[in-house]
Amino acid sequence: MALRPAKTRIAAGAVAVALTLLVAGCSSGKTADGASKTLTIDKTFDLKTADPSRMYEPTGEMVDKALYETLLTFKGGDVSKVVPGVAKLDESTDAKTFTLTLTGTHTFSDGSTMSADDVVFSLNRVIGLKGNPSFLLDGVTVAKKDDKTVVLTTKVPTPALPAILANPALGILNSKVVKAHGGSTTTSDSAEKYLNSQSAGSGPYILSSLNLSSKVVLTSNPKYDGTKPAYDRVVIQNVEGATQKINVQGGNADVALDLSGTQAKGLSGSVNVSSTPSANMIFLLLNQNPAISKITSNPDFVKAVKQAIDYKDLVSIAGAGTSQASGVIPSVLLGALPESGAITQDTAAAKAALAKSGYAGESITLSFPSDLTLNGLEFPTLAQRIQSQLKAAGINVDLAPAPVATELDAYRNGTEKIGLWYWGPDYPDPSDYLVFTPGNVVGLRSGWAAGANPAISSLADKAAAGGSVAERKTQFQDLQKALNESGPFIPLLQPGNNIASASKVTGVVYNAVWTIDIAALGRK
Amino acid sequence: MTAATSVTKPSRGRRPTAARDGANGHPFLRYALRRVITSLLLIVGVTLVTFVLTNLVPGDPVAAALGQRAAEDPAIVARFRTEYGLDQPLWLQYFTYLGNLLHGNLGVSTTTHNPVTSDLAAALPATLEIAVSAIILSVAIGVVLGTVAAYRRGKVTDHVLRVVSLAGLSVPTFWLALVLYYVFYFQLHIAPGSGRLSSDFNTPPTVTGLYTIDALFAGQLDTFLDAAAHLFLPVLVLTLYTVGLLTRFVRTAVLEILDQDFVRAARAKGLPTRTVVWSYVLRGASVPVLTVVGLAFGSLLSGTVLVEAVFSWPGIGSYAYNAASHLDLPGVMGVGLLIGVMYLLVNLAVDLLYGVIDPRVRLAS
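Those protein sequences? They're chains X and L, same order as listed.
According to the numbering used here, the stretch in the first sequence is residues -11 to 512, in order.
According to the numbering used here, the stretch in the second sequence is residues 156 to 520, in order.
Don't take every hint at face value.
What the hints assert, rightly or not - The list that follows gives simulated cross-link-like pairs (lysine to aspartate or glutamate, EDC-like), each with its CA atoms no further than 16 Å apart:
1) Lys132/X to Asp105/X
2) Lys133/X to Glu79/X
3) Lys167/X to Asp78/X
4) Lys450/X to Asp82/X
5) Lys339/X to Asp298/X
6) Lys25/X to Glu227/L
7) Lys344/X to Asp301/X
8) Lys118/X to Asp177/X
9) Lys118/X to Asp355/L
10) Lys118/X to Glu238/L
11) Lys118/X to Asp228/L
12) Lys84/X to Asp126/X
Think of the hints as simulated: they come from the structure by calculation, not from any bench.
Can you build the whole structure from these sequences, using the hints too?
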């Protein structure tokens, strides 16, 4: 018994020594630069890959924008005007031949210099992989002219191609490195695994680590030729909107990208909020196929619905940054209609049109994706508000929510009577919105077959042919006026894009293609 | 009589048993073998049910996986269907899946483009780290509270504990997680932000996938402390719910035991309360409690999706949600199978523990 205190002391001493040794022998798991030069960005992930030739999701666009340079690009948030990236553009007047010449010297992260071979390989890889972004270069032939020059040709006028070339999915890869890791320009390519672990580009950052479900870590590229980014290390973490708000307030995140209009309210002090209309456009479609619905295919009924909706009320429930969509083309793109061109509520005209349509109070189904939240706006909330507005106008609507993965089938097969959906630009050019015309993708989804409205088809053909910037603007505005007047679509909202950032972060500018340019963010 | 019994018993019981041992093994091993075979059949059943249910969902995985424009291109759609075997008849897809399963291949996720085994191997440790911590804490707290409530039946303590446990059960975990995060992280600054590590820490080299353990293996004490601190809030939320559940069950189980004659006898003998509680009451109540603990642990492993969402925790729940919402058939199948196997393992462990705790079970088997 007398030995017990001594044993206790010995044991305590041994534990203390062990702990001291443990602490002394420990290395630090912190990054070399510490937190001071680490930028933390909260984003709700939709990330599938960092391989640019396979990537076509918003998170991937932002990541790849930091890793890869593109031939052409946009400056800041202005996506209506293309500027040189690593190349300058010479476009033929018929918009069928695009000559791109590499300017200056561009160095990949392994120190090698970018050449026309890298450009040809990168673009052909996008085409050949038959992945999500392959459609961007549909009908485009890529040829090397010399070590600095590449020529892209198309059979039909493609005035949108310059804007398409600014997409990070068309970022230029180091062809030698990618080929060495299984890269090719066919579906046999196996370089995705490599490109998800390391990048092979010339952008301001290199990929340090990637976990598709939780975190992407970027570090600055020491070989980058441009202005060195302000942050040496960037952590992009997968966080839900509600948590993002708390994180940016508490300092766990420097930038939060997915706040709803409601969440953005009340943020002040050490947090700056940038609220602008996003490039997404939420719309209703009324099926024009009488076999699907005799009611919604009635032009007077369509007119009644258009004039029955209280657009201002919808804007108010969507919150900060949201605006009414004047037409199908969002306000940030060339050819967008001014606010004065938007459809307005006119309850008297709506009643008159409804009476003329012969509508007798039948219930009509409004289908929508129940699990879809766009810029913080939940589709069920919006659908319920539309239902109540139409009810007040004497139109009975039954809501038919379904998970997006399920409802997409009905939408794409054109079997919805009334559908509530959104369209985000595949590329920031108004020609992307020709899908809303008869016989085209979204037109067919609303039962609007080719030839259903020759006047609108004629306007669409003119717009597709291209022309000068001023001509294109007029062409697309004319098309949208006609669509608002007699099309089966009702543009509702451009939901707000709310970006919250710590006040020490500068240069936060929303871009419709890559959300934010990470390398352009600065520090106070 | 005693001598006769001692003579006849070995000849009637033990010797034949010994003979059987030589042919078919120990009774416990036979029991375990039966359980393993049953479990394997159940796993096949799980794959079949998951496969059928996943394919019954209206909707096309192609539409869910490809972008709007890509899904309009027949060549891209054909490549996608071929790559993921979706161009094969359903029955062939199922048997191909089973064949691959025998080689440990769960297919490739259409969402992440990774082998499902890799995805699950990355997600499971994240969930295990919070689930194991939560169940240990919950059992420790729930048993004490449940026992106290039973002993104080009808008194103020019992009523207070009832309210507390019901609150733990009925408060939505998503809401509770957000409130606790706001209070402990933003207001009080005593908890770290979301995620498994602070952004200025590198992920420790992967050994187990459990960041706390891996950080210790790597000798990174600061990473260990940071990872442990990040466990605090998610574990607290899961514990509050599970404690509520266990407190109710332990109270009921202890009340039943308290009315038993052997407990009355122990008390009548004047044994100290601590001895009565530990050696008589809790031992007697442990079998039903163990059943609930097993179920609660299974639930924690598979049902933490909302808590994972709030705390940006990349575990099985988040993976399951993403896979389901993208109609990622290999991902959904993989998660279904993993959860099925985990439930089977937990049930097996519970069954075996019955034998350890209760001699009647041990002797019967």
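Consistency of the hints with the structure:
Our distance criterion of 16 Å between C-alpha atoms is met by lysine 132/X and aspartate 105/X, whose separation comes to about 7 Å. For the hint linking lysine 133/X to glutamate 79/X, the alpha-carbon distance of about 15 Å falls within 16 Å, and the restraint holds. Simply put, lysine 167/X and aspartate 78/X have alpha-carbon atoms about 29 Å apart, too far for the 16 Å limit, and the pair is violated. Pair hint lysine 450/X plus aspartate 82/X holds up; C-alpha atoms about 14 Å apart against a cutoff of 16 Å.
The hinted pair formed by lysine 339/X and aspartate 298/X meets the criterion: a straight-line CA distance of about 14 Å does not exceed 16 Å. With a C-alpha separation of about 44 Å, the suggested pairing of lysine 25/X with glutamate 227/L is violated against the 16 Å cut-off. With a CA separation close to 26 Å, the supplied pair lysine 344/X and aspartate 301/X exceeds the 16 Å bound. With a C-alpha separation of about 11 Å, the suggested pair lysine 118/X and aspartate 177/X falls inside the 16 Å cut-off, and the hint holds.
Pair hint lysine 118/X plus aspartate 355/L does not hold up; C-alpha atoms about 38 Å apart against a cutoff of 16 Å. Of the supplied pair hints, the one linking lysine 118/X and glutamate 238/L holds, its CA atoms being roughly 11 Å apart against a limit of 16 Å. For the suggested pair lysine 118/X and aspartate 228/L, the alpha carbons sit about 9 Å apart, so the restraint of at most 16 Å is met. At roughly 13 Å between alpha-carbon atoms, lysine 84/X and aspartate 126/X fall within 16 Å of each other, so this suggested pair holds.
Against the hints set out earlier in the document, violations occur for numbers 3, 6, 7, 9.
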